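Visitor: Residue-level listing of the chains:
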Amino acid sequence: MKRIILSMVLVMFSLVSGQANAGLEIVITEGTDSARPIAVVPFKWLGTGAAPYNFTEVVSSDLIRSGRFKPVALHELPSRPSTDAEIENYSEWARLGVEAVLVGSVAEFAAGRYEVSYQLIDPLRGQITGGLSEYIKDEGLVSEQDHILDGRTSVVLDSQFRQYAHRISDVVYEALTGERGAFLTRIAYVFVEHGTRLPYQLMVSDYDGENARVLLRSPEPLMSPAWSPDGSKLAYVSFENKTAEIFIQDIYTTEREKLTSFPRINGSPAWSPDGKKMAMVLSKDGAPNVYVMDLASRRLKQITDHWRIDTEPKWTPDGKSLVFTSERGGLPQVYRVDLDSARIRRTTFNGDSNLGGIVTPDGKGLVMVNRDSGYYHIARQDFPTGNFQQLTQTTLDESPSIAPNGSMIIYSTMHNNQQVLALVSMDGRFQARLPSKAGDVKAPAWSPFL
Amino acid sequence: MQISKVIKASIMALSVITLAACSSTSDDVSASASASTQAGQATTEQGVETGAADRILTPAEERARVREQQQQRYADLRKENVLYFDFDNASIRPEFAEILAAHADYLVRNPSAIVVIEGHTDERGTPEYNIALGERRAKSVVDYLQSLGVNSSQMNMVSYGEEKPVVRQSNERAWSQNRRAVLVY
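Just so you know, the protein sequences line up as chains G and S, in that order. Positions 395 to 844 (the working numbering) are the ones given, in order, by the first sequence. Positions 161 to 345 (the working numbering) are the ones given, in order, by the second sequence.
Just chain S, with the same shape it has in the complex (with noise of 0.2 Å):
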């Protein structure tokens, strides 16, 4: 609870200093502007407005600019830390290839991160065969995660098998929502 506060906290906070980044990139067009302030309050009393055009970014602000865009994709991608399993199964769902690489980015970044990737299962078969089921899922974000490039010295495997759903109800709806892993810093 604390954690996701904070993290909601720093969240804003980012998207603070974006707004005001973005503001100052005009400042130089509004210097000018604000000088005819007053003037403007004048001309909006004749019922017209003014507007600016976009500044020209040099190529190396336009990747400066992408890639915060991405970080900030990212960021928010990485608030997702649960990916869902089909029954049996522990291949990675299409749907979560971007939130894989929003992770492996972040841990490509920070090389002294450390990921816990916890395996869980619904309730149908064995628990000790869950267990071994809920690793091979952990197994397979780990595999992927190396794929992009994250090294495995900073992965960390647990599987709990049955023992952790997160709806305790036998019904189709709760099994997919226990069949999951989560990765954990």
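Excised from the complex, chain G in its bound form (with noise of 0.2 Å):
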């Protein structure tokens, strides 16, 4: 296997936390009517002196960014209970609308270790059974607490707060939608730096835009990253070199090869959902075509050949196909191709045009950005019904990414003159953009389940 370990002669590495300089902060552009009212106790800090940590503004921030869930005011809370054995009436809370109570304590454990317990109470069913339903079960009466969602306790070290937070997430939100939670995933994405020696950095940083790490910077652009299915690697196109090469970086070592460097563009790298494969854009040999290269042996394989611009593929979770743009019937529009029988067919016919198409992680629906009347928006479109949907308000958007489980899309968008993510839930109705402090933030890449 040909292998190269680049020298880092134009660019340097960073995995050091002290210089991620592009952290994102999000702010809600457009709420949304359906998200379920939930109550975030505050957890009670059992040692002495200040709570170690806020872990509750972490899982209320989490929730509300999903979109689905609005947790509400501390001021509104009837007590602050810490388990379910201190509430004293779940009728007070149900009376409060919400869906679910989530209470919890933290204490000292060890040195730099903490036991930190939780509970997600239904107040509806503890409202019908009293905290204890009764059934007979193998001719006796058995009890349950059967209104306790969810109830875990572990010993977290305090660098890991906000991972476990995020984790607490996750369990609420599987059990209140039966969904898995996306709130321990990362997103990759291009920072500009304006004005700078190394201007363009490939940065990854959890979902919310936190513990940004500067992966790369170049002197030239950097565009596409994209992840491998097990999360530890990414994919993406640099300039570094004066042309576009496809290069892999393992995102834990830094460890850097050339994928290709191929005449002319060599673009939009994307992985098979094995592992094993790299669809790409090549034009070595005239027009943009879609090609996908085995990783083990590098051998080549041309998927589309035409004249006209192919570009943009994106594996369908099968496996079996690729979504790509075509301008083959004149202005760009998204096709699909079987890799088995190269049939080709279009998928989209809304508005002007079509790009950027990625299939939702169910295979029921496809994410693209559309053209009408001179606007950019990211769009959703149903499989086989075919329902067309405009997701966002925003300009320019592209560069669309779905969550792992489906919920939310990230994107890029203008703000002010200046490229800023954005998320978008899957039914349109909430919005958040994310920030930069200065320069442009582009081309985001949703992580996998890590």
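Treat the hints as calculated values from the structure; they're not laboratory data. Small disclaimer: the values here were computed from a predicted structure and weren't measured. Among the clues, some could well be false.
As the list claims (entries may be wrong) - With a straight-line cut-off of 20 Å between C-alpha atoms, the simulated EDC-like cross-links for lysine to aspartate or glutamate are:
hint : chain 1 : residue 1 : chain 2 : residue 2
1    : G       : 464       : G       : 480
2    : G       : 671       : G       : 651
3    : G       : 678       : S       : 303
4    : S       : 324       : G       : 614
5    : G       : 670       : G       : 624
6    : S       : 324       : G       : 639
7    : G       : 671       : G       : 624
8    : S       : 324       : G       : 651
Unchecked claim - Which residues of chain G face chain S? A few of them, derived with a C-beta cut under 7 Å, are:
hint : residue
9    : 615
10   : 682
11   : 686
Where is the CB? At the ideal position from N, CA and C, for every residue including glycine.
Given two chains presented individually in distinct reference frames, assemble the corresponding complex, making use of the accompanying hints.
Guide: Here it is as structure tokens:
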């Protein structure tokens, strides 16, 4: 296997947190009426002095951002219980209209280690059973606390507080929606810090923009980061050698290899769901066409062959097809190619043109950039009904990427002449902007489950 | 910055040489004129002015002069190395034909010279689609130069798509300046 570990003449690496200067913050631009009320009670600190960490703040933010939940204001809470046992009256919580109550406590376990306990309670069920439901099983009366939807106790290092808070959010989200939470996932993106020696930066952060790390800084553009299915590597396009080349970089070890350097375009890398192949765009033989490379043998297979532009290949979740943007019909539209039969079908017909299509994790929808009357918006189209919905009202939207649980889309848009990242829920009801401090933030890629 | 200074300096030097050449062509005439300089001064006092007729050039000299003028014009034109394009379009606009002719002339006369043609787009559309569109712009410049006799081995293409705008704004004026091809030697 041809494996080139590149010297770092022009390009500096950094995994040091101190260098992360492109932190993001969430600004909610549009709320949602469908968000369900939930009570997040501040966890009780069982030690002396100030509490070591505010878990509930992180959990509340996560739940708001999901677009599915609306934590009630703290001053509306009837009391501050830390366990189910401390709840005296379920009906006053039920009257709040909340679907669930999250309570918990934090105690010092050892130096730097803390015991965090929490319970998620259904107040309506609690009101009915009085906190104890009884039923007959195997000729005996069994008592059960089925109003407690979930509850756990863990010992957590103080350095992992934030991560554990996201874990709690995942548990709450899954208990209440039946879907896996995506609060412990990450995003990769490109940050451009204009006017510096190495303006182009490949970044990885938590999904909420926290813990941003610089993976690569370059004097020339970086594009199109794509996650390996195991979440350990990124493929991306770098112009560091004054031409487009595809690189693969391990996000933990910084180990880096050049995958392709064909003449002209080397672009739009996309890992297959099994991680064994890479779809890409090459124009070495003329027009930009879609190719698939077998990563072990480095053998290339040409998938499309058209004299007009074919680009932006993305795999369907079953790994059997690719969707891609093509100009073969005149204006750019999203097409789908079956890899076995090589049969190509056009899939988008709404508006002037459609680009950058990605298939949703359940395979039942296509998210794309829709151009209509000169505006570029993120839109969703369902298979096989063809139902079409414009999801965003922002301008110049591009580079949509879907959370692994299919709940949200992150994309890049313009705000005050600056490229910023924004989130929109899959139904378009909840939208949030993630502004950077200074510079352009673009090409977001949502990680798989980690 | 440095390079453009050098170019400016060499242009200046060139024009000085050209001027010197002009005056030297009239030397044989001015030889006798200089002999009568003192007389000339005297005549000036009397309010008369002398003039010289243009010397008739041989056809060879005429061709050389025309060529020299064209070279000078091409050298000036070659300072222009950016071409602009219409939205979602890669056609060479007629106003850039002469600039490309100047570059083609240079490349044909200097077969060892290599030019990189960069293709750029405005920010509208998706980044990877714009990479393809930028390459189409670079390609139409390459095809145009090739039609003027430039060897394809002298030309390399790179598309930066929307990644390197010259004007970082979202309006029609900025976009029209960002949709461009740049010839880099």
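Visitor: Each hint needs a verdict: does it hold in this structure or not?
Guide: Going through the hints against the structure:
Taking the CA atoms of residue 464 (chain G) and residue 480 (chain G), the gap is near 23 Å; set against the 20 Å cutoff, the hint is violated. In summary, the hint linking residue 671 (chain G) to residue 651 (chain G) is supported, as the alpha carbons are separated by about 16 Å, within the 20 Å threshold. With a CA separation close to 16 Å, the supplied pair residue 678 (chain G) and residue 303 (chain S) stays within the 20 Å bound. Proximity of residue 324 (chain S) to residue 614 (chain G) is assessed by CA-CA distance (about 9 Å); at most 20 Å being required, the pair is judged to hold.
The hinted pair formed by residue 670 (chain G) and residue 624 (chain G) meets the criterion: a straight-line CA distance of about 11 Å does not exceed 20 Å. Restraint check for residue 324 (chain S) and residue 639 (chain G): satisfied, since their Cα atoms lie roughly 17 Å apart, inside the 20 Å limit. Pair hint residue 671 (chain G) plus residue 624 (chain G) holds up; C-alpha atoms about 13 Å apart against a cutoff of 20 Å. Among the hinted pairs, residue 324 (chain S) with residue 651 (chain G) is inconsistent with the structure: their alpha-carbon atoms are about 25 Å apart, more than 20 Å.
Look at residue 615 (chain G): its Cβ gets to within about 4 Å of chain S, closer than 7 Å, so that hint holds up. With a cut of 7 Å, the hint placing residue 682 (chain G) at the interface with chain S holds, because the nearest CB-to-CB distance is about 4 Å. About 16 Å separates the beta-carbon of residue 686 (chain G) from the nearest beta-carbon of chain S, more than 7 Å, and the hint is not met.
Violated hints, listed in ascending order, are 1, 8, 11; each of the other numbered hints is respected by the structure.
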